[in-house]
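K.L.:
Go ahead and model the full structure; you've got the sequences and the hints to work with.
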Amino acid sequence: DGGITQSPKYLFRKEGQNVTLSCEQNLNHDAMYWYRQDPGQGLRLIYYSQIVNDFQKGDIAEGYSVSREKKESFPLTVTSAQKNPTAFYLCASSLGQASETQYFGPGTRLLVL
Amino acid sequence: QQQVKQSPQSLIVQKGGISIINCAYENTAFDYFPWYQQFPGKGPALLIAIRPDVSEKKEGRFTISFNKSAKQFSLHIMDSQPGDSATYFCAASMQGSYIPTFGRGTSLIVHP
Chain A
1 DGGITQSPKY
11 LFRKEGQNVT
21 LSCEQNLNHD
31 AMYWYRQDPG
41 QGLRLIYYSQ
51 IVNDFQKGDI
61 AEGYSVSREK
71 KESFPLTVTS
81 AQKNPTAFYL
91 CASSLGQASE
101 TQYFGPGTRL
111 LVL
Chain B
1 QQQVKQSPQS
11 LIVQKGGISI
21 INCAYENTAF
31 DYFPWYQQFP
41 GKGPALLIAI
51 RPDVSEKKEG
61 RFTISFNKSA
71 KQFSLHIMDS
81 QPGDSATYFC
91 AASMQGSYIP
101 TFGRGTSLIV
111 HP
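Protein chains in written order, with my numbering: chain A, 1 to 113; chain B, 1 to 112.
FYI, nobody ran anything at the bench for these hints, they're computed from the structure.
A hint or two may mislead.
[What the hints assert, rightly or not] Residues on chain A that point at chain B, a partial pick, calculated with CB under 7 Å:
| no. | residue |
| --- | --- |
| 1 | Ala31 |
| 2 | Pro39 |
| 3 | Leu43 |
| 4 | Asp54 |
| 5 | Gly107 |
[What the hints assert, rightly or not] Counterexamples of contact, computed for chain A against chain B with all Cβ distances above 10 Å:
| no. | residue |
| --- | --- |
| 6 | Ile4 |
| 7 | Arg13 |
| 8 | Lys14 |
| 9 | Asn18 |
| 10 | Asn26 |
| 11 | Leu90 |
[What the hints assert, rightly or not] Short, incomplete list of chain B residues facing chain A, as computed with Cβ under 10 Å:
| no. | residue |
| --- | --- |
| 12 | Gln9 |
| 13 | Pro34 |
| 14 | Lys42 |
| 15 | Leu46 |
| 16 | Met94 |
Glycine included, every Cβ here is placed at the ideal spot set by N, Cα and C.
P.N.:
Below, the structure is given as structure tokens:
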């Protein structure tokens, strides 16, 4: 089955700890995205990547980092600098500039201990 | 210029009724208008989408109405069912951009 997988489904972070959320796609999509979802605030873009080895900051990149070493993988690290990390994190992908439909993963819920 | 305003924030409908969610945009360069459906604890999924060369698109019980002059588009869910209870997001994007602009979402509850 083609699609986007995110792991883990739930993640717990201790104060001062960095955690990494995994996102993998086998859709052969060029573009990948990370969104943060909080109740009543819709989807806010953290980072996006148009091609391998390139990524751009979104609206709320502070306290987050990403890498895009492989086309199918776009991991997100929530650093200790992100003071309010509790949220639902969604990874998405799209074919690229010519295609506007985004395909979302099942999400990771991050909670702070 | 990049905002998409979605209303209402929440909506309660009786089974069999019509659910209507509205979105308005400012940027006339937008040329693709999708609606996404998100169930609790899941990622959003494309429900239906429209381009501005048509005024309406229907897929089963779901219809998008598009008013280019008013810069508005809406989602109509006919014969709403409890299984339609979800959050719905409208979005808009344009050629040459990788980034869609999302509305803030509408939480729909359909009572049995």
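K.L.:
Hint by hint, which ones does this structure get wrong, listed from lowest number up?
P.N.:
Checked against the structure, the hints that fail are numbers 2, 4, 6, 11, while the rest are satisfied.
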